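Colleague: Here are the chains, one letter per residue:
4 protein chains.
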Amino acid sequence: MVMDETLERKTTRKDFMNIYERKIHLSDTDAAGVVYFASLLSICHEAYEASLEAAEIDFKTLVSNPEIAIPIVHGEIDFFHPLFCGDRLIISLTPIPLKETKFEIIYRVWVSSSPDICVAKAKTTHVCIHPNTRQRVPLPEFIGQWLEEQAQSSTDELLEKFSDLR
Amino acid sequence: MVMDETLERKTTRKDFMNIYERKIHLSDTDAAGVVYFASLLSICHEAYEASLEAAEIDFKTLVSNPEIAIPIVHGEIDFFHPLFCGDRLIISLTPIPLKETKFEIIYRVWVSSSPDICVAKAKTTHVCIHPNTRQRVPLPEFIGQWLEEQAQSSTDELLEKFSDLR
Amino acid sequence: MVMDETLERKTTRKDFMNIYERKIHLSDTDAAGVVYFASLLSICHEAYEASLEAAEIDFKTLVSNPEIAIPIVHGEIDFFHPLFCGDRLIISLTPIPLKETKFEIIYRVWVSSSPDICVAKAKTTHVCIHPNTRQRVPLPEFIGQWLEEQAQSSTDELLEKFSDLR
Amino acid sequence: MVMDETLERKTTRKDFMNIYERKIHLSDTDAAGVVYFASLLSICHEAYEASLEAAEIDFKTLVSNPEIAIPIVHGEIDFFHPLFCGDRLIISLTPIPLKETKFEIIYRVWVSSSPDICVAKAKTTHVCIHPNTRQRVPLPEFIGQWLEEQAQSSTDELLEKFSDLR
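So the sequence lines, in the order shown, correspond to chains A, B, C and D.
Residues are numbered in my numbering as their position in the first sequence, beginning at 1, plus a constant of 1.
Residues are numbered in my numbering as their position in the second sequence, beginning at 1, plus a constant of 1.
Residues are numbered in my numbering as their position in the third sequence, beginning at 1, plus a constant of 1.
Residues are numbered in my numbering as their position in the fourth sequence, beginning at 1, plus a constant of 1.
One chain only, chain A, in its complex shape (with noise of 0.2 Å):
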């Protein structure tokens, strides 16, 4: 059925624009033998990149846009237990729009050996800015879309789809 179809089709787009899978490299570790902290932040950015992506939206035009940049104004990270090289993190991220020149992901981070334990969670602000003014302006329409896409699945679904792919 084609109705079918197009409902599969759009459960397994949101399902990549919110789930992001990636082992732990070498390089993302340091001599304490588990993940340098700040590596975690940086793996969650890509959990955003893929997501931005999934939607359709390039994340070279949006970084290399004269009129529009959305830098990060505040990120952080919790850590629950460690992480080590060659763990296969799961990730979802969770983005909520804040005011119309702004908004903020949610991460949380599983391992997938052990994916009833959630091993850290993290945040970003992200805003909304004219590059050469450095002036707050309105998020553009496109990430207006991704933001509301991402609404309709909410973490209650997350979880559900996280339980597929154990």
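By construction, these hints were calculated from the structure, which means they are not laboratory data.
Computed from a prediction, not measured in an experiment: that's the story for all the values here.
Please note that the accuracy of each hint is not assured.
Same chains, same names: a pair is fine if it fits in one copy or spans any two.
[Said to hold, decoys possible] Straight-line distance between alpha carbons at most 30 Å, and here's what the computed DSSO-like set of lysine-lysine pairs gives:
#1 K61 with K100
#2 K100 with K122
#3 K122 with K24
#4 K122 with K103
Chain A is already provided as a structure; the job is to place chains B, C and D on it using the hints.
Modeller: Structure of chains B, C and D alone, referenced to chain A:
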């Protein structure tokens, strides 16, 4: 047919062992707008880690092995074309046994949007040592097996596989 | 006078313990033309390493200590101004003892060319654990001493010292 | 004497242009307990940035120049000894003019605690291009001057200077 299935599985496994796909993340780039040169060597190393993993060699165990270490003693990279944030890289790796204590890996890098143009080429040389004495010791058997398996898939085969990925 | 000389030496040492200077390297930046957000957290961590070193605490020994590990369980950063390649950063750090197993560090970041404007603020939280059991254990005495010494130089003093660096 | 003073100042400036000191940070290491191989190439690049800065060439302006770009087309590194977190590196750089569009830099790396042993050697090759056409163009005059000034301080001189740093 069972034989065919085995063949199928072997081929698939080799594919994964020799080809690594990876997007360029924002963190891989620098203010010149392209990939930071040393980051691409790091991305090539990810291809090596993925190849070992595909051969069921646990990289974490290898790195923390108290009996052997396999540090890189030489690395080099040539860039033929600039690489940008969001580019989807396809990296082939060709491990080459050199001595009983030493091997090297040749990496070739393409961008999926222009699969006829090799954008970069890299090489890493690895020697096996005892972590405490730092004296050379023979490569462990499982690395020998991995090298042997890899040798069976020539560059031509790689290019053929690559053409399937286009 | 001997007394003065001792005082002089102590002041100099504290200066070094609390203030860290560092240029922004090309590798710290991204294609958006500014410092990659997670890189600044990493640069703040360098200030922590330098402060321990100034207190004659060997960071390498600390990292490979089989009895204790002091991983970061929380990190956060706020950006108030963009940072560019070549900017000379001045970072103050203020360690704060929290429990016998835990401390945090507040970092303030300035650019030497505009020393009145704080460009970023960061925080890392560190807990002491046994590397094998990952259970919390009291911080070692030398870290306690370092925390105590740091507490003696207040933020006001820091800013005063900083004014000398302008 | 004025002449002597000028000489003195020139020597000091050249010292800074050719020698770069840098501690190994935790973020430079990996779970194998040593410096991550590609990180040392990145550290060598810092020496290049510092040398340009010592010659009053603004690296930020260079990187964002719309008329020219000087990307690295080749990088390589050889490791002779392992490097650990906290090691204080001394890096000499020797730029070598190759063509009117091209130069290379040789880096030699020592650890300050064992200044007789070269622990690593690296090379980067740089070509000058127009950022839009990516066609080769002659190196700007200020780079030509920097190369010339550098050529005046031979490796022997470097080693002599280095002996003062021990």
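Colleague: Of the numbered hints stated previously, which ones are contradicted by the structure, given in increasing order?
Modeller: The structure breaks none of the hints.
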